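> As given, the protein sequences belong to chains P and D, one line each in that order. Numbering of the first sequence is given in the working numbering, commencing with residue 1 and proceeding in unit increments. Numbering of the second sequence is given in the working numbering, commencing with residue 1 and proceeding in unit increments.
Incorrect hints may have been included.
[Claimed, not checked] Below, in silico cross-link-like pairs of lysine-lysine (DSS-like), each with a Cα-Cα straight-line distance of 25 Å or less:
(1) K81(P) with K12(D)
(2) K588(D) with K649(D)
(3) K88(P) with K116(D)
(4) K116(D) with K224(D)
[Stated by the list, open to error] Anything over 10 Å on all C-beta distances counts as not near chain D; from chain P, calculated:
(5) T24
(6) R41
(7) T42
(8) P56
(9) H59
(10) R79
(11) A96
(12) A106
FYI, nobody ran anything at the bench for these hints, they're computed from the structure. Since the structure is predicted, the reported quantities are computational estimates derived from the model, not experimental observations. Note that CB positions come from ideal geometry on N, CA and C, so glycine has one too.
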Amino acid sequence: MVPKEPPEAGEVLQGTLDMLILRTLVLGAAHGHTIAQAIERTSENALEVEQGSLYPALHRLEDRGWLASEWGVSENNRRAKYYRLTPKGRRELAAATGRWRRMTRAIDLILGSETE
Amino acid sequence: MNLHRYTGRTRKDQDLAEEIESHLAHEQDVQAARGAGPEEAQRRARLRFGNPRTVRERVWRYRSLPWLDDVGRDLRFALRSLARTPGFTVVTLLVLAVGIGVNTAVFSVVDAVLLKPLTYPDPQAMMQLVLTARRGHFGGASIPEFALWSRQSGIFEQIAASGFLPEGVNLTGGDQPEQLQALNVTRDYFALFGAPVIAGRTFTAAEDSPHGGRVVVLSYGLWKQRYGGDPRIVGRTIQLDDQPYLVVGVIGKNFVTDTPVDLWVPTQFDRNSHEMVINYTVVGRLRPGVTVSQANAQMRLAAEQYRRAYGEHSLPPGAGFGVVPLQQYLVGDMRFPLIVLLGAVGFVLLIACANVANLLLARASARRRELATRAAIGAGRGQIVRQLLTESLVLALAGGVLGLMLGFFGVRMLIGINPGNIPRISATGPSIALDPRILLFTLAVSVMTGILFGLIPAIAASQPNLAATLNEGSSRSGMSFRQGKVRSILVVSEVALALILVIGAALLIRTFRKLGEVDPGFDTHNVLTLAMSISGERFQTTAAVAQLVREGQDRLDAVPGVVAAGASNCLPLAQGFGMVFDVVGRPKNGPFTGGAGFYSVSSGYFSSLGIPLVRGRLLTERDDASAPGVVVISQEMARLYWPHGDPLKDRIQIGVGAGPAFAEPPRQVIGIVGDTRNRSVDQPPDPMMYIPIAQMPNGETALNSRVAPVFWIVRTRTNPYTVLAPVEAALREASGNLAVAHVRTMDEVEARNIARQRFNMVLLTLFGLSGLLMAATGVYGVMSYSVQQRRQELGIRMALGAQAWNLRNMVVRQGMVLALLGVAVGLGGAFWLTRFLASFLFEVKTWDPVAFVATPLLLFVVALLAVWVPARRATQVDPMTALRLE
Numbered sequence: 001m002v003p004k005e006p007p008e009a010g011e012v013l014q015g016t017l018d019m020l021i022l023r024t025l026v027l028g029a030a031h032g033h034t035i036a037q038a039i040e041r042t043s044e045n046a047l048e049v050e051q052g053s054l055y056p057a058l059h060r061l062e063d064r065g066w067l068a069s070e071w072g073v074s075e076n077n078r079r080a081k082y083y084r085l086t087p088k089g090r091r092e093l094a095a096a097t098g099r100w101r102r103m104t105r106a107i108d109l110i111l112g113s114e115t116e
Numbered sequence: 001m002n003l004h005r006y007t008g009r010t011r012k013d014q015d016l017a018e019e020i021e022s023h024l025a026h027e028q029d030v031q032a033a034r035g036a037g038p039e040e041a042q043r044r045a046r047l048r049f050g051n052p053r054t055v056r057e058r059v060w061r062y063r064s065l066p067w068l069d070d071v072g073r074d075l076r077f078a079l080r081s082l083a084r085t086p087g088f089t090v091v092t093l094l095v096l097a098v099g100i101g102v103n104t105a106v107f108s109v110v111d112a113v114l115l116k117p118l119t120y121p122d123p124q125a126m127m128q129l130v131l132t133a134r135r136g137h138f139g140g141a142s143i144p145e146f147a148l149w150s151r152q153s154g155i156f157e158q159i160a161a162s163g164f165l166p167e168g169v170n171l172t173g174g175d176q177p178e179q180l181q182a183l184n185v186t187r188d189y190f191a192l193f194g195a196p197v198i199a200g201r202t203f204t205a206a207e208d209s210p211h212g213g214r215v216v217v218l219s220y221g222l223w224k225q226r227y228g229g230d231p232r233i234v235g236r237t238i239q240l241d242d243q244p245y246l247v248v249g250v251i252g253k254n255f256v257t258d259t260p261v262d263l264w265v266p267t268q269f270d271r272n273s274h275e276m277v278i279n280y281t282v283v284g285r286l287r288p289g290v291t292v293s294q295a296n297a298q299m300r301l302a303a304e305q306y307r308r309a310y311g312e313h314s315l316p317p318g319a320g321f322g323v324v325p326l327q328q329y330l331v332g333d334m335r336f337p338l339i340v341l342l343g344a345v346g347f348v349l350l351i352a353c354a355n356v357a358n359l360l361l362a363r364a365s366a367r368r369r370e371l372a373t374r375a376a377i378g379a380g381r382g383q384i385v386r387q388l389l390t391e392s393l394v395l396a397l398a399g400g401v402l403g404l405m406l407g408f409f410g411v412r413m414l415i416g417i418n419p420g421n422i423p424r425i426s427a428t429g430p431s432i433a434l435d436p437r438i439l440l441f442t443l444a445v446s447v448m449t450g451i452l453f454g455l456i457p458a459i460a461a462s463q464p465n466l467a468a469t470l471n472e473g474s475s476r477s478g479m480s481f482r483q484g485k486v487r488s489i490l491v492v493s494e495v496a497l498a499l500i501l502v503i504g505a506a507l508l509i510r511t512f513r514k515l516g517e518v519d520p521g522f523d524t525h526n527v528l529t530l531a532m533s534i535s536g537e538r539f540q541t542t543a544a545v546a547q548l549v550r551e552g553q554d555r556l557d558a559v560p561g562v563v564a565a566g567a568s569n570c571l572p573l574a575q576g577f578g579m580v581f582d583v584v585g586r587p588k589n590g591p592f593t594g595g596a597g598f599y600s601v602s603s604g605y606f607s608s609l610g611i612p613l614v615r616g617r618l619l620t621e622r623d624d625a626s627a628p629g630v631v632v633i634s635q636e637m638a639r640l641y642w643p644h645g646d647p648l649k650d651r652i653q654i655g656v657g658a659g660p661a662f663a664e665p666p667r668q669v670i671g672i673v674g675d676t677r678n679r680s681v682d683q684p685p686d687p688m689m690y691i692p693i694a695q696m697p698n699g700e701t702a703l704n705s706r707v708a709p710v711f712w713i714v715r716t717r718t719n720p721y722t723v724l725a726p727v728e729a730a731l732r733e734a735s736g737n738l739a740v741a742h743v744r745t746m747d748e749v750e751a752r753n754i755a756r757q758r759f760n761m762v763l764l765t766l767f768g769l770s771g772l773l774m775a776a777t778g779v780y781g782v783m784s785y786s787v788q789q790r791r792q793e794l795g796i797r798m799a800l801g802a803q804a805w806n807l808r809n810m811v812v813r814q815g816m817v818l819a820l821l822g823v824a825v826g827l828g829g830a831f832w833l834t835r836f837l838a839s840f841l842f843e844v845k846t847w848d849p850v851a852f853v854a855t856p857l858l859l860f861v862v863a864l865l866a867v868w869v870p871a872r873r874a875t876q877v878d879p880m881t882a883l884r885l886e
């Protein structure tokens with residue numbers, strides 16, 4: 001008897017979150033906390049999500065083979081799991097960025113960009 | 001799809017938990033750096049992270065197949081809830097196992113006999129060539145018929161004749177002669193049946209011609225057992241009846257014959273012969289594209305041609321030629337009984353289903369509150385139905401597995417009590433194995449049963465009336481009207497079906513008892529019979545056979561413990577030959593006066609079997625070849641052909657017009673003996689003629705010796721088997737070391753004779769008993785459930801002054817109304833259905849009053865017993881406890 005599953009928080013933005021994670025990792029391997037902070041910084045806290053919601057995304061990406069992970073020691077001298085981009089993940093990032101650009105362009109065209 | 005996503009979920013979850021700890025620690029560091037105290041830092045970290053449990057659950061669920069998980073959960077839940085009620089589970093499983101088990105067993109037999117195609121290549125094209133008559137067909141043929149059929153090459157691609165039955169031959173040349181079964185076949189036999197030749201070859205055209213030489217083809221079994229599978233056997237000679245036979249080939253293991261055959265010899269008949277004796281059976285393969293009806297049309301023309309060639313009387317009036325698909329021919333009259341059995345066994349399964357549905361329904365209503373609670377906390381109707389269906393499917397499949405095992409033993413049992421004359425299954429049972437189709441059948445039956453009986457309670461239990469159910473006290477909620485009705489209908493049908501089965505069983509039991517009471521006309525106790533094959537050259541003349549019989553009878557009489565001994569060419573109750581005759585001097589209105597059974601017997605035949613003399617005298621040693629011809633007849637023959645005159649004053653001429661082999665002078669009727677049942681127990685006595693072996697025409701003896709053994713009949717003082725060894729020794733001495741086979745007591749011959757009826761009776765009785773038991777369980781279940789549900793009501797009644805017997809009678813009345821309804825419905829059904837048993841019955845009507853009165857009474861008593869227990873329980877309700885229950 002499972003209650004109906006609520007839609008995953010920010011499901012609409014799932015693709016976005018995936019892309020943000022991948023982009024963060026372009027610069028090098030990082031553990032979950034670092035990634036969370038980086039995303040919060042780059043998206044200027046626009047993604048009002050709990051930090052915890054990062055982890056399902058991380059694991060999903062790892063299962064897809066876009067990320068690889070291993071345990072290591074962090075800058076704070078604590079145990080932490082480090083994620084890095086796999087070649088497959090790099091390709092996906094390129095593709096996703098392309099898609100994202102096209103989409104934001106389309107949105108811009110419809111809404112009329114304020115920056116223009 | 002990444003399968004590794006679903007593996008090692010627990011390990012990965014552990015990993016994630018650590019990861020989250022690490023994340024929280026890092027965030028705590030950040031917060032601490034911003035100046036929060038340790039506790040505040042921890043609080044903020046947790047706040048920012050959200051609920052770790054939710055995160056873990058989300059990852060966990062993402063890594064699962066939702067439906068598989070649900071099924072797993074449903075399964076676990078089903079097992080748990082079944083384990084909580086072991087009584088219910090065990091009873092249900094047993095009921096199902098019996099229902100499915102007997103179905104599997106009977107289906108296996110039906111499958112092996114009726115459904116499975118013959119093991120020959122392209123079996124649909126194989127036809128038995130038959131003589132068609134007004135009533136049915138007859139699968140025998142003479143040489144001229146075979147020759148004519150062989151020329152119908154427009155319809156037959158291949159055609160072959162073989163002996164009716166294998167003949168006994170003696171394998172000699174070793175220390176002990178061994179009796180083997182040899183089948184005469186024409187040269188095309190092996191190609192027609194697709195027999196695999198594993199060494200040498202089969203017969204050539206030259207070998208299958210008159211004087212084609214002595215050649216033999218061995219079966220795989222004989223080759224392995226007797227010759228150790230020696231490949232050099234081909235080209236060697238073996239001794240059969242003291243004659244050398246050249247082994248030309250060996251047939252492979254998988255070749256199945258209708259009756260076991262050890263070796264094959266060529267028929268070597270002259271295809272231009274005009275001999276009309278029907279010694280063969282003919283099978284042909286239709287040309288591709290030729291239909292059965294085309295073949296039949298052509299065969300009808302062939303019959304006209306045959307009449308023109310051999311005279312109008314060469315075929316009986318109205319008779320013709322035709323073809324019957326071989327499989328249908330082999331299955332023959334076993335088809336209908338098997339279908340009836342399959343129908344009866346379907347009833348057993350229906351009862352089982354109704355019973356289990358009933359049990360599940362009771363269980364579901366006992367669980368209404370549980371289900372309602374689950375619905376209240378969010379379970380959808382579909383989920384509850386799915387859960388209940390899972391439970392019943394688990395039960396059904398487990399029952400199916402048990403049933404399959406039961407069925408496996410059941411098949412062994414069926415073969416064990418097989419009368420031995422069910423075609424296509426042998427005693428060793430190689431043709432009934434567990435095959436995928438039977439597995440599939442059981443599986444289908446179990447799953448269908450599961451859905452069938454799972455659905456009713458599932459729907460009944462998932463009615464969306466939550467509040468009412470939850471508000472009701474569990475013990476106050478009696479059976480709701482609708483459920484009560486469903487359950488009552490189920491019980492009534494169970495009782496009705498069981499009654500029909502038991503009436504069927506009763507009819508067959510009565511039949512079997514009637515058969516047992518039949519007096520076969522002779523004393524079957526303490527009589528030993530032995531068959532001795534005399535197919536060799538030695539016994540082609542009457543004198544030789546007479547010498548053997550006299551010698552044997554003398555030596556047997558000398559064996560201590562032997563009361564009387566005799567010999568004959570046939571045994572009573574085991575079929576025999578027939579012959580036409582004329583009464584000398586009587587004007588005839590047809591080609592002959594009449595026909596009668598024809599046994600050639602020794603002087604000791606009547607005393608060894610205990611057949612009484614009615615008038616005149618019996619045969620003696622002096623009625624030999626030099627004495628005038630004599631014949632003893634049976635009472636039935638006297639009654640039929642001498643309704644007014646005295647047969648003892650007449651002479652008869654036997655075998656008029658039957659051919660030169662049967663020509664003989666007239667015989668004086670010298671005695672009249674009692675009637676015996678010679679065909680089978682359930683057939684009335686035929687008119688009989690008994691001729692001294694010593695007075696047989698030579699030609700007839702030669703024919704006889706080739707196809708039939710000599711039967712020795714030995715009456716003993718005590719158990720016949722105690723004297724078996726000296727009897728066999730005496731016969732070996734008398735015959736110059738010939739083997740005996742088919743050693744049976746006359747009681748065994750009689751038992752074999754009614755084995756098929758026994759088979760039917762045992763089966764239907766088993767069905768009836770299991771049906772009865774299940775129906776009783778059903779009645780008991782409904783009533784005890786009803787009593788339990790109405791405890792409070794009963795308590796109030798008692799508190800208000802009802803006596804124990806009041807309550808008991810109330811429950812009994814309600815239960816018996818159901819049972820009686822079932823009996824009434826069942827009686828109606830039985831009146832209509834027992835007609836299908838008509839051909840199974842002997843001297844019992846399909847509406848036999850005994851069966852139709854005794855069976856309902858039996859059912860009534862069983863139902864009363866089943867109701868009594870819950871009724872007594874009703875009287876033991878303690879009013880105070882019952883009232884306080886809520």
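> Among all the numbered hints in the text so far, which are the ones the structure does not match?
Result: hints 3, 4, 8, 9 and 10 break, sorted rising.
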